[in-house]
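Chains A and B, in that order, are what the protein sequence lines are. Its first residue numbered 293, the first sequence is counted upward by one per residue in the numbering used here. Its first residue numbered 404, the second sequence is counted upward by one per residue in the numbering used here.
None of these hints come from the bench; they were simulated from the model. Every residue, glycine too, gets a C-beta built ideally from N, C-alpha and C. Mixed in with the good hints there might be a few duds.
A short, non-exhaustive set of chain B residues, derived as facing chain A with CB atoms under 8 Å [unchecked claim]:
no., residue
1, F499
2, R503
3, V547
4, D553
5, T559
6, I563
7, K565
8, L575
9, S619
10, T644
11, T646
12, Q656
13, L667
14, L670
To spell it out: a stretch of chain A is covered by chain B in this simulated footprint if at least three of its residues, at any positions, have a beta carbon under 8 Å from a beta carbon of chain B; those stretches are [stated by the list, open to error]:
no., stretch
15, 306–316
16, 351–358
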Amino acid sequence: MTSDVTVSVPARPDFVRLLRAVVSSVGARLDMTYDRIDDLRIAVDEACAQLLATAAGSITMRVTPADGRVIVNVCADAEVDPDAWPPPDVEESLAWRILAGLADEVHFELSDEGPVVRVEVQVQPA
Amino acid sequence: MTPIDKAGARTDDPSGDSVDLEEAAELDVDAERAEEEAHGLALFRRLPDADARAELSQLYQPLAEYLARRFYGRGEPLEDLTQVANLGLLKAIDRFDVERGVKFSTYATATVVGELKRHFRDKGWALRVPRRLQEAGMKVGRTVTDLYQDLGRAPTVAEIGKRTGLSEEEVLEAMETAHAYTTQSLDAPTDEDGAATIERLGAEEESFELLEGWTSVAPAIRELPRRERTILYLRFFRGLTQTQIAEELGISQMHVSRLLSRTLSQLRRQVSDPDA
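So that you can see chain A by itself, here it is in the shape it has in the complex (with noise of 0.2 Å):
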């Protein structure tokens, strides 16, 4: 049995908040406390920043509940250039100073869907 949620919705900057509200909920199902659950509804609006800059159609995004971490994984269905993706110094950008902040591990890859921005957050339940 999984208990992956997962949801997806047009890649728009109005629909980000649907998916901080999906996060929340599982963070608070998983009874993470109020502030690390504000640390994934922020690195979700980053990485959301980040993939509707690569014009895409639709952005996915997988909860994971795994072993006492949360990983989201979160997917634009978007044809990029290899090259372009992950962005090239990502790891000096400010997107991953920020998520790397919120999160204990950030990945940025090139899915055979499109772009992703992982990030895996212990869940360190009260």
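Dock chain B against chain A, hints included.
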């Protein structure tokens, strides 16, 4: 002073009883304004000198504040609006072309109003939050602080729900709302917020925007109010949690959360549109 300030004063006294006095005052103001305009022009010619820029932004501060107040009462805290207006003002100062023969106050008004409108558009959904949610937001904010005191750690959503009698959904909804609303009574931000902490952090925090990753937004970071910069620093360089920052600065966690989201989205905008 700006022409708009004068208009503002007039609406304050709509009776028309003191027309003569007002006209006299206007003449005075006109002379003063001509002098100020000349001074302003001299400052513009000195740009991009940082002192001239700072003086200009101070000179036109009342205009920015006036315009921010014009947009107040639509669900956005005045503090936020003033900040947006100030960023718009700086943008106007940097882009103004003295040779074009347009008055700066005219040009700046258009730019600042544009920024304010954009701010509202960006968070359009947030402007129609029902009263019920605003109240829930305040309740959750207070409870987070209380529970933190009791538990010695940040509470979970379930714990907040239990204490407030709100459902999990309502707590989460309130959390989202918190980013758009200021509850003045709880959070009333002042310049003294965390002054001691800010003092103590000193030089490292002063120059953190020069560190790797932040250089692309260094100018934007320097424009941030001191407190916002400190929050960024504590969160991303010291790795403090929002709750710890809230305690350091003596404000609520929700307030930290709100300031943090807002600051990050501002910086994000700066990165994606360096001219903004």
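Verification of the supplied hints:
{"no.": "1", "hint": "F499", "verdict": "28 Å, violated"}
{"no.": "2", "hint": "R503", "verdict": "33 Å, violated"}
{"no.": "3", "hint": "V547", "verdict": "6 Å, holds"}
{"no.": "4", "hint": "D553", "verdict": "12 Å, violated"}
{"no.": "5", "hint": "T559", "verdict": "5 Å, holds"}
{"no.": "6", "hint": "I563", "verdict": "7 Å, holds"}
{"no.": "7", "hint": "K565", "verdict": "12 Å, violated"}
{"no.": "8", "hint": "L575", "verdict": "5 Å, holds"}
{"no.": "9", "hint": "S619", "verdict": "6 Å, holds"}
{"no.": "10", "hint": "T644", "verdict": "5 Å, holds"}
{"no.": "11", "hint": "T646", "verdict": "5 Å, holds"}
{"no.": "12", "hint": "Q656", "verdict": "6 Å, holds"}
{"no.": "13", "hint": "L667", "verdict": "6 Å, holds"}
{"no.": "14", "hint": "L670", "verdict": "6 Å, holds"}
{"no.": "15", "hint": "306–316", "verdict": "holds (count 5)"}
{"no.": "16", "hint": "351–358", "verdict": "violated (count 0)"}
Checked against the numbered hints given earlier, this structure breaks hints 1, 2, 4, 7, 16; the rest are met.
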